[in-house]
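Trainee: Single-letter residue listing:
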Amino acid sequence: MPVRTIEVKKNILERNDRLAEEVRGRLQDAGVTAFNLISSPGSGKTTLLERTLQELDEDIPIAVITGDPRTLNDAERLARWTNRVVPAVVAGEGGCHLDAAQIAAALDAIDLDEVRLVFIENVGNLVCPAEFDLGEEAKIVVFSVTEGEDKPLKYPLAFREARYAILNKIDLLPYLDFDLPLAIANVRSVNPELNVFMTAAKTGDGLEPWFRFLRERSSALVA
Amino acid sequence: MSVALEVCRLAEEQVGAEALPRVTGMGLEVGNRSGVVADNLAFCLDTLLTHPPFRAARTVIRRTDDSALRLEWLELDDPELENANTP
Numbered sequence: 667m668p669v670r671t672i673e674v675k676k677n678i679l680e681r682n683d684r685l686a687e688e689v690r691g692r693l694q695d696a697g698v699t700a701f702n703l704i705s706s707p708g709s710g711k712t713t714l715l716e717r718t719l720q721e722l723d724e725d726i727p728i729a730v731i732t733g734d735p736r737t738l739n740d741a742e743r744l745a746r747w748t749n750r751v752v753p754a755v756v757a758g759e760g761g762c763h764l765d766a767a768q769i770a771a772a773l774d775a776i777d778l779d780e781v782r783l784v785f786i787e788n789v790g791n792l793v794c795p796a797e798f799d800l801g802e803e804a805k806i807v808v809f810s811v812t813e814g815e816d817k818p819l820k821y822p823l824a825f826r827e828a829r830y831a832i833l834n835k836i837d838l839l840p841y842l843d844f845d846l847p848l849a850i851a852n853v854r855s856v857n858p859e860l861n862v863f864m865t866a867a868k869t870g871d872g873l874e875p876w877f878r879f880l881r882e883r884s885s886a887l888v889a
Numbered sequence: 013m014s015v016a017l018e019v020c021r022l023a024e025e026q027v028g029a030e031a032l033p034r035v036t037g038m039g040l041e042v043g044n045r046s047g048v049v050a051d052n053l054a055f056c057l058d059t060l061l062t063h064p065p066f067r068a069a070r071t072v073i074r075r076t077d078d079s080a081l082r083l084e085w086l087e088l089d090d091p092e093l094e095n096a097n098t099p
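Chains A and B, in that order, give the protein sequences.
When the first sequence is numbered by the numbering used here, its final residue is 889 and no position is left out of the sequence of numbers.
When the second sequence is numbered by the numbering used here, its final residue is 99 and no position is left out of the sequence of numbers.
In case anyone wonders, no lab produced these hints; they're calculated from the structure.
You may find that some hints are simply not true.
[Said to hold, decoys possible] Among chain B residues calculated to face chain A with C-beta under 10 angstroms, some are: (1) Glu-25; (2) Leu-32; (3) Leu-40; (4) Arg-74; (5) Asp-78; (6) Arg-82; (7) Trp-85.
[Said to hold, decoys possible] Now the stretches of chain A that chain B is said to cover, found in silico as 3 or more residues with beta-carbon under 8 angstroms: (8) 772-784; (9) 788-799.
Built from N, CA and C at the ideal position, the CB exists for glycine as well.
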């Protein structure tokens with residue numbers, strides 16, 4: 667059968683990028699800043715957010731958009747600390763990332779006049795979430811000392827796309843062979859500009875600089 | 013896989029859902045700074061394009077030295093062309 671060739675020449679992520687700009691505009695108009703947390707499963711994103719909500723939510727109203735292929739486990743944990751949790755629908759068990767259309771829909775369920783910060787807790791995966799602009803101010807990559815020092819080298823895009831990194835579970839350092847200077851060197855080799863917080867969300871160690879950063883970010887927005 | 017799914021969505025946008033079984037080829041441009049590994053994308057597309065609504069469409073990926081990530085062309089069976097060529 668004869669074939670016909672159709673010229674397309676379209677950016678594959680064009681639709682997502684357009685929607686992400688719309689999301690960014692909505693957030694900026696409302697004076698709200700959004701951070702997109704990306705990590706592998708089990709790095710401690712939800713515990714970090716629980717601690718953050720406990721510490722800051724009274725002073726800085728926070729909303730959280732969660733993404734999980736199955737269960738509302740994370741959303742239910744976070745809902746103990748705030749009533750502004752919106753579980754984004756991730757398409758079935760194969761869902762590997764959130765996209766800008768899902769964030770736009772989730773924002774419809776949030777009164778942006780009542781919040782200063784939005785956290786997007788992305789699907790646990792260091793590959794696909796790094797490729798998608800969600801309209802956030804910055805991506806924050808979370809990794810933990812139980813994952814190995816070479817995470818930045820194995821998943822360079824996630825560390826390159828992020829503006830901040832959180833190295834979590836530092837309370838476990840005495841029990842592991844984790845080489846902290848090497849891990850930081852690996853981060854720097856991929857992204858020399860990356861600001862790194864070192865935290866133990868479980869015990870609360872090291873969280874004060876993270877809280878101070880968020881307070882400063884929200885003050886900057888109000889000003 | 014997410015990027016491969018987006019390619020399929022773009023193809024549907026271009027030719028319509030009913031024409032997807034007639035798609036025989038896709039041409040893509042993948043830059044080495046796009047954040048997408050061309051071989052991985054090819055693997056995911058091969059998986060998707062051998063299942064309905066597609067029928068074993070081929071992918072042709074051109075690697076470039078930039079951040080391009082584009083669907084360049086689609087190729088599809090065109091029965092109207094065959095009819096036009098029939099005397």
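Trainee: Look at each hint and say if it fits the structure.
Mentor: We went through each hint and held it up to the structure:
1. Glu-25: holds (9 angstroms)
2. Leu-32: violated (13 angstroms)
3. Leu-40: holds (8 angstroms)
4. Arg-74: This hint is violated: Arg-74 of chain B lies away from chain A, its Cβ roughly 12 angstroms from the closest one there, beyond 10 angstroms.
5. Asp-78: Violated: closest Cβ of chain A sits about 12 angstroms from Asp-78 of chain B, beyond 10 angstroms.
6. Arg-82: Holds: closest Cβ of chain A sits about 6 angstroms from Arg-82 of chain B, inside 10 angstroms.
7. Trp-85: Constraint on Trp-85 of chain B satisfied, holds at 5 angstroms.
8. 772-784: violated (count 0)
9. 788-799: Coverage by chain B holds for the segment 788-799 of chain A (4 residues, Cβ < 8 angstroms).
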